[in-house]
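*Asks:* We have chain S; now place chains G, X and L onto it with these hints.
Here is how the chains run, residue by residue.
Number of protein chains: 4
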Amino acid sequence: MLKLDFHPAGRHFLQIPGPSPVPDRILRAMSYPTIDHRGPEFGALGLKVLDGIKKIFKTTQPVVIYPASGTGAWEAALANTLSPGDTVLMYETGHFATLWKKMAENLGLKPEFLGLPGIEGWRRGVQPDMIEARLREDRGYAIKAVCVVHNETSTGVTSEIAAVRRAIDAAGHPALLLVDTISGLASADYRHDEWGVDVTVSGSQKGLMLPPGISFNAVSQKAIKASETATLPRAFWGWDEIIEMNKQGYWPYTPSTNLLYGLSEALDMILDEGLEQVFARHQRLAAACRAAVNAWGLPIQCADPSVYSPVLTGVMTPEGVDADAVRKLIYEHFDMSLGTGLGKLKGRMFRIGHLGDCNDLTLMATLAGCEMGLKLAGVKLEGSGVAAAMDYLTSHAAKPQLKAAA
Amino acid sequence: MLKLDFHPAGRHFLQIPGPSPVPDRILRAMSYPTIDHRGPEFGALGLKVLDGIKKIFKTTQPVVIYPASGTGAWEAALANTLSPGDTVLMYETGHFATLWKKMAENLGLKPEFLGLPGIEGWRRGVQPDMIEARLREDRGYAIKAVCVVHNETSTGVTSEIAAVRRAIDAAGHPALLLVDTISGLASADYRHDEWGVDVTVSGSQKGLMLPPGISFNAVSQKAIKASETATLPRAFWGWDEIIEMNKQGYWPYTPSTNLLYGLSEALDMILDEGLEQVFARHQRLAAACRAAVNAWGLPIQCADPSVYSPVLTGVMTPEGVDADAVRKLIYEHFDMSLGTGLGKLKGRMFRIGHLGDCNDLTLMATLAGCEMGLKLAGVKLEGSGVAAAMDYLTSHAAKPQLKAAA
Amino acid sequence: MLKLDFHPAGRHFLQIPGPSPVPDRILRAMSYPTIDHRGPEFGALGLKVLDGIKKIFKTTQPVVIYPASGTGAWEAALANTLSPGDTVLMYETGHFATLWKKMAENLGLKPEFLGLPGIEGWRRGVQPDMIEARLREDRGYAIKAVCVVHNETSTGVTSEIAAVRRAIDAAGHPALLLVDTISGLASADYRHDEWGVDVTVSGSQKGLMLPPGISFNAVSQKAIKASETATLPRAFWGWDEIIEMNKQGYWPYTPSTNLLYGLSEALDMILDEGLEQVFARHQRLAAACRAAVNAWGLPIQCADPSVYSPVLTGVMTPEGVDADAVRKLIYEHFDMSLGTGLGKLKGRMFRIGHLGDCNDLTLMATLAGCEMGLKLAGVKLEGSGVAAAMDYLTSHAAKPQLKAAA
Amino acid sequence: MLKLDFHPAGRHFLQIPGPSPVPDRILRAMSYPTIDHRGPEFGALGLKVLDGIKKIFKTTQPVVIYPASGTGAWEAALANTLSPGDTVLMYETGHFATLWKKMAENLGLKPEFLGLPGIEGWRRGVQPDMIEARLREDRGYAIKAVCVVHNETSTGVTSEIAAVRRAIDAAGHPALLLVDTISGLASADYRHDEWGVDVTVSGSQKGLMLPPGISFNAVSQKAIKASETATLPRAFWGWDEIIEMNKQGYWPYTPSTNLLYGLSEALDMILDEGLEQVFARHQRLAAACRAAVNAWGLPIQCADPSVYSPVLTGVMTPEGVDADAVRKLIYEHFDMSLGTGLGKLKGRMFRIGHLGDCNDLTLMATLAGCEMGLKLAGVKLEGSGVAAAMDYLTSHAAKPQLKAAA
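Protein chains in written order, with full-length UniProt numbering: chain S, 1 to 406; chain G, 1 to 406; chain X, 1 to 406; chain L, 1 to 406.
Derived by calculation from the structure, the hints in this document are not laboratory data.
One thing to keep in mind: the hints can contain errors.
[Unchecked claim] Listed below are the simulated DSSO-like cross-link pairs for lysine-lysine, each with C-alpha atoms no more than 30 Å apart in a straight line:
(1) L:Lys55 with L:Lys110
(2) X:Lys101 with G:Lys225
(3) S:Lys328 with L:Lys247
(4) L:Lys225 with S:Lys102
(5) S:Lys346 with L:Lys101
(6) S:Lys102 with L:Lys247
(7) G:Lys48 with X:Lys48
(8) L:Lys247 with S:Lys101
(9) G:Lys222 with G:Lys110
(10) G:Lys102 with S:Lys375
(11) X:Lys222 with X:Lys247
(12) G:Lys102 with X:Lys110
(13) G:Lys225 with X:Lys110
(14) X:Lys55 with G:Lys110
(15) G:Lys247 with X:Lys101
(16) X:Lys55 with X:Lys247
Okay, chain S solo, but in the shape it has when bound (with noise of 0.2 Å):
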C-alpha cells in the first residue's frame, strides 16, 4: 500500500505555487468510479466542463482540454498555430518563458527572445513598448506569434496582457498572441476573448485546485485558421478532430475521465463562489503576504507593485543565506513545502503560493512557519511579518466571509 506520511502528525502545508492544495471536495469527486467515456453519462459531463471552463478563461469560443499536463498544452499551442522555422516572439519573463523558448526551438522554431537584462528582468513584467518597437521593424511579417507568458510563476510578476494587446495592434502587426497562464488561471483575473489572445495556455494543479494531468488551450478563430495552413507535425495535439467531437461532449481519444470529475466540481466552487470574489480573495491574501515579507525588511522578487502577482510572492534572502538551506529547514521543522528559486535566482530566493483553496487562517499558518524558518536559520528580520499580515487582514475587508453568517 502507499505509505508516503513521512509526516509525525497534522496537515502537510503546500505552499508552492503548484501544485496547489487540492480540496477534499476535489478528492471525492475524483474518486467517482472510472465510466465509459462513449456512453451518455459522459457526454453530459463533457458538455459540463465544456461549457463551465469557457466561463473561466472568459471566451465563447472553444477551449480544448487535454489529457496531459500543462507543459503539453504549451507544445499543442505552438504545433497547432506554426510550421517549421518560423519565428516567434517569445518575452523572457522569468524561467517558465525560458523553457517555452526551449520547447519552441526544439520544435524547430526560430524563438527571438525578448527582455531586459539580466536578473533585473525577471524582477519586472513584459515590456509592451519593446515588443511593439520589434514588430513595428517587422515588416515583412517573418513573426508569426508572440509569445508571453500571463503569470511567471518563477517570480511572481502578472505582466499586462491587455497592454501586450495593445502593443501588437498599435504596431499593425498579423502576428498571433499566445498566452501562458497555467499558473494564473482561476487566481487572476484573465479576459481570453477581451485581450485579444489567440492561444491561451492553462492547466488544472493551479488556481483550478486539480491534481496535476489535464491542460488547456483556449483558442481564437484566427488560430483555428492559422491552424488550418500551419505544418508542424500534430496527432495528439491536433485541435481539429478535438473541437468537432467536443460538440457532443466527447473526445476523439481517451480522455482524462477522473480528472474531469474533478474539473466538474472545480467549476462548481468557483463559479458558486463568484469568479470575481475569488480574484478579491487572491489579491487580498497576496497583499498580506506581502506586508509580511516588507516587515521581515527582505526584498520582493517582483520589483514593481504595479504586477505583484495574487498567486504567489517571491522573497529574497539576504546575502549570504542560501534559500534552499531555509526551505529545507521549514520543511524539516514545520512540515511545510515552499517553492524553491528557479534558474538565474537558484538559492537567492523563495517563493510562497497563497492560490486556490487558501484562506486567511493557512496564509497565517504559512507566514508563521515561514518566520520561525527564517530565525532557526538566523536570518536577521526587521520585524515581525505575522503582526503585519494580521494587521492587514484585520484591517482590510475584514468582513464576515461565511454564508452562514447571513
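*Replies:* Relative to the frame of chain S, chains G, X and L by itself:
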C-alpha cells in the same frame, strides 16, 4: 447530495476540543466497503483493533468497544458495576462531571458530588484529600464507586488519577475507581493498569482522531467481578457476552464496522509516531498555546499549572466581553470553530482545542485566528500571543520532525 | 495500514441480509470531514436528515436517531416505554425475535412468547389471531406492549403489521405496539402512522445502505405519553431530551456525524428513486430469486407465499448437506458472503440477501455463485435457477430503467 | 456537485475493454492529497513506480511514464525514433492499428499497411510471414520500423509478438519493432526484453486498472540510439530528459501525481496476486466467456483460436441484428456498458471486456446481462451461454481462491 460547504474557500479549522479533525488517512480507511461482520476478514480486523487499543489504555485487561458514542460508555461503566440505589462519590471538575452525575441520578444511583465551591472549583483538578477524607468517613462502605473525570473538556484541567488511586488506597476503601478520559485518551498520558483504575471510559472523536460513534470501557478484573452481582438492568451495555465473543475478534451484535476500519488506521498512526511522542507533541503545543494566552494578558481557565491540559486551553474573556460573540465573529471571519463556555462558564470563556491531528502550523493558524478575532471584537490585548507562541516553538524542541530529514 | 484484502481480484459480493453493500456515493459522503456538532452547518444537516427519515418511516411523528447500532434501538424502545416487571407479549418469528425476548428478560421485563411450535413457526409470519386471543384473555391489561418483528432476518418472512394492529384493536386492548423493522425499512413497505405502531425500531445497515452504527426509534404520541411514567432506568436512550434538541437539528450528546452524512446521501438516493419504486425493485428481485430456488428444487424457508420477504430468501439445503459447508465453499471459490442459518436453523439453510443497492445483474451474479457452489458441493439440483431467474427478469417489468434512456 | 447517477440502484457494470473498472483501493489511493513534485516524498514515490512498472513490462530497460493518455504514447514512440518521411511497416489488425497508421501519416511518416483483405483480416492475428516477406524485399532498409498491435482492442485478437521478432530477425532487417499493448499489458503475458521489442506502448486504463491519464513507452537501447538521430520535432514526448531525471524519481515537468498514487497501488495489487496468476485468471475468464458465446451459437469475432484475446471477446450478431441496438437495450435494462463495433465492424458486433478487476461472479453477471439482452432483442440463441460458462468455471481451476481459506 450533501452540501454543507458554507465556506468560500480554504480549509475549515476545527479547533474545538473534540470532535477533533479527522486525518484524510482515516477518512480514506473508513471508506473501505463494509464487510460481513461474521466473516473471516472481520475476525482479523477485530483482533487487531482489540489488541491495539489496549496499548493506548496501557492495559492488558479487556477493553470493550461499543458501537455507540461516548455518553453510552459512561452509562455502560455504571450499568455494569452498580445496582439501583448505590451511592457513588463523584467529583465536580466541570460541566462533563456534572452531566455524568446527572446520568447517575437518571439511572437510579445516589451520587454524592464533591468539589471546591463555585467557579473556582472548575479551575482546579480533583482534590484527592477530599476524596480520601470522605471515604474514611464511610465506615460501612456505602460508597460503591468513586467517579472522576481525567481531562475535563469543559475547563482544560487534567486531574492526577494516580493521586486519586492513592487516596482510595490510603483510606483503605473498597470502592471501584471509574474514570472518564473521553477527551484525554491518546493525547494525555494515561495508565489504566498502573493507576489501578477499574473502569476507564473513552470515546473515538478526540485523541484517536476518529469521527464520533464508537466508545470504550477498559475494565479491571475487580470491575468484572462487580458486574456479576450488579443489578442495574443492562443488555446492550453488558460486558460479558462482548468480552467472550471478542476472544475471536467478533461482537454479539453488529459492530460499527467502518469506524473500526478508522480505529485500525488510527492505531497504526499513533503507534507509528509512538505514544510517548504523541504525548510530548501535545504538551509542546499546549505550552505554546498558553504562552499566547499569557501574552494576550487573558486568564487561562485552569488556575493550577500542575494540571494544565495538553488537550485544550480555556481562555477567559474580560468582564463585559461575551465570549460567544467573539467565537461567532471568529467563525464568520476566519472559518474556525472554537469551543463554547459550558454550564457555569457560558459566555465567560472559549476553549481552544489543540489535540489529535495537530501540528505547529495548525496551532499558529489557530492562534492567529483568535488574535485577529479578539482584536476585531475590540478586546484589548497586552501583547501578541502569536509572537509568544512562535518564540516558544522556536526555542523548545525545535528540531527536525520529518523522517525524510534523516 | 488497513489490509483486509484477502481476495485475488474483483469485487467481493456481500449478499448477506445486512450489512448490505454500501454504495460508493454513500462512502464518499461519509468521508466529508467531521464538523462541529454545535455549529450552524450541523444544525442544517440535522434538520435535513430528521425530516427525511420521517418520509421513510411514513410518519409525521418524531424519529429518534441514536449514535448506536440496532440492538441499542431495541433496548431504547423497551426502556422508554416500560417499567421493571412489566409483561410484554412477544411473537416468535425467528432468531431475532428470540434475541429481543432475551433482551426484555435481561432488562427485568416479563416477556410472554407466542408462536407456532417448532421450526414450522419459523417458516410463517406472525399469527394475528393468536395475539388477539391472548389479549382478549388479558382482562386486567397486564400486558403493556405487543412486540413483533416485521421482517425476520433469520428466516425471510415479512409479517403483516396492519393485521397485528387490527388484532389489538379487535381485542380492545390498550397495549403499545412495538415493531422491529431493522431489516425491512426502506426495502419493504412500512407505514408507521397508518398502521398505528407506537415504536418502530430500525437500523442503518440494511435498506438504508449505510454502514452499521446508527439506529432509530419512530415514536407515537401514545409511546411518548407512556415514557412519562415508565420507570426502567434510562439515560443514553432517553427520548425526551433528544426530541427536544432535535427541534433545532442538534442532539444532547455527540451524534455520529459521519454516518449522518451518509444518511443524508442515502435519503437523497432513495427519495430520488422513489420509495414505491424501491419497494417494487425489491419485490421484483426477490421473485426472481425465488424462481431460482424453486428451479433448483430446494425449499424456501418461508412456507407462506403471502409473507415472502422482499429483502432476503432463506434456502434450505437437503438432508445431510451442511449449509455452512456450502457457504464456506462459495466464499472461498467465488468471493461471495451469504447469511448463515441462525438458532434452530443452524446448518439447515443459508440466506441470500437481495436488498439495498442491488440490481438485476448483482442478483444474477449472486445466483450464479450459489448455483455453482451448490454443484461443487455435490448438491443435486433439479434445474438451473439461474435460467429461471433470467426468465423471470426478462418477462416481468423488463423495461428500460435508466433515465438516460428517456 | 457532480451528479452522474442516471441509475436507479445498484452498481453499474463497466464491461467495455477499457477503461476497465477501477478498484476501490485504487480510487482511495488516488485521493491522497497532491504533494510537491519536487519534494523528497515524491522522489520515493517516483522510484517505486518506475521500478515496479518494469516488472509488468518484463524489462530491465527504462520505462517512460507520460502524464498523458495512451494516444500520446503512440505519438511518443514514433516521434522519438523516426524522422519526417520515414517509411514504417504497419500491420492492419483492426481499428486501432488503423488509427495508429493515420497518426503516422499525420506526423509526416510514410506508413505501409500490410494485412489480410477485408473483414477476414480483422479476425486473425498478425501474419509474421507477410512481414518477413516484405522486409526481405526491402534491400535498402527503407523501412525504419515495424509497428504491430499486440492486443487489438477492436477485435479481441492477441497477436504473437515473439513471432514478429523472429520474422524480422529471419529477414535480417534492422528495422525497429514498435508494439502497442495498450489493452494487453498486465492482462496478457508480455515480454519486452525477451521478445526484443524496441518500443512498447501502453496505457493505464486497462489491465493496470487505473483511470485513463498516464501512458508508457518501454524502450530498448536500440530505440534510444535511434532517438539520437531521429528528427521528428519533439519536446513533451522527448525521452532523454525524462529518463535522466527519472534516475532520482523525478520528472522534468509536472507529472500526474495522483495517477502515480494509483499506479503505486495497482502495482502492489498485481504483484501481490502474482503476474502469472493474473494472466491465468484472465485466460480462465476469457475461456468461460467464449464457452458462453459458443453456446449461444454466435460467432466469435476472432476466427483463430490460437490468438483469442484474454482481455475481451468480440461477439458477432446475426445478419439483420444491429449490435448497437442490442448494446443500447442492455445498457438501458441492465445498467451495463459493452464495447461497440468499431470501423469496419460497426453494428456487426459488440465487445465484452473481462479484464483487470474482474472475477467469476462479475463475469457471470456480465454474461447474464448479455443473454437477457439478446433475448429481449429477439435474437434466437442456440442455448444458454450462462449455463455453459458456469460449467466451464466449475470444471476448470475450480479451487479455493481466497487466502483466508488457507
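*Asks:* Hints first: check each against the structure and report whether it holds.
*Replies:* Cross-check of the supplied hints:
1. L:Lys55 with L:Lys110: violated (34 Å)
2. X:Lys101 with G:Lys225: holds (26 Å)
3. S:Lys328 with L:Lys247: holds (21 Å)
4. L:Lys225 with S:Lys102: holds (23 Å)
5. S:Lys346 with L:Lys101: Violated, because 45 Å separates the two Cα atoms, which is more than 30 Å.
6. S:Lys102 with L:Lys247: Given that 30 Å is the threshold and the Cα spacing comes to 22 Å, the pair holds.
7. G:Lys48 with X:Lys48: violated (37 Å)
8. L:Lys247 with S:Lys101: Measuring from Cα to Cα gives roughly 26 Å; hence the hint holds.
9. G:Lys222 with G:Lys110: It holds: about 21 Å lies between the C-alpha atoms, which stays within 30 Å.
10. G:Lys102 with S:Lys375: Violated. G:Lys102 to S:Lys375 sits at ~52 Å, over the 30 Å cutoff.
11. X:Lys222 with X:Lys247: holds (19 Å)
12. G:Lys102 with X:Lys110: holds (29 Å)
13. G:Lys225 with X:Lys110: With a Cα-Cα distance of about 27 Å, the restraint between G:Lys225 and X:Lys110 holds, given a limit of 30 Å.
14. X:Lys55 with G:Lys110: violated (42 Å)
15. G:Lys247 with X:Lys101: Given that 30 Å is the threshold and the Cα spacing comes to 26 Å, the pair holds.
16. X:Lys55 with X:Lys247: The hint holds at about 17 Å.
Checked against the numbered hints given earlier, the structure breaks hints 1, 5, 7, 10, 14 and satisfies all the rest.
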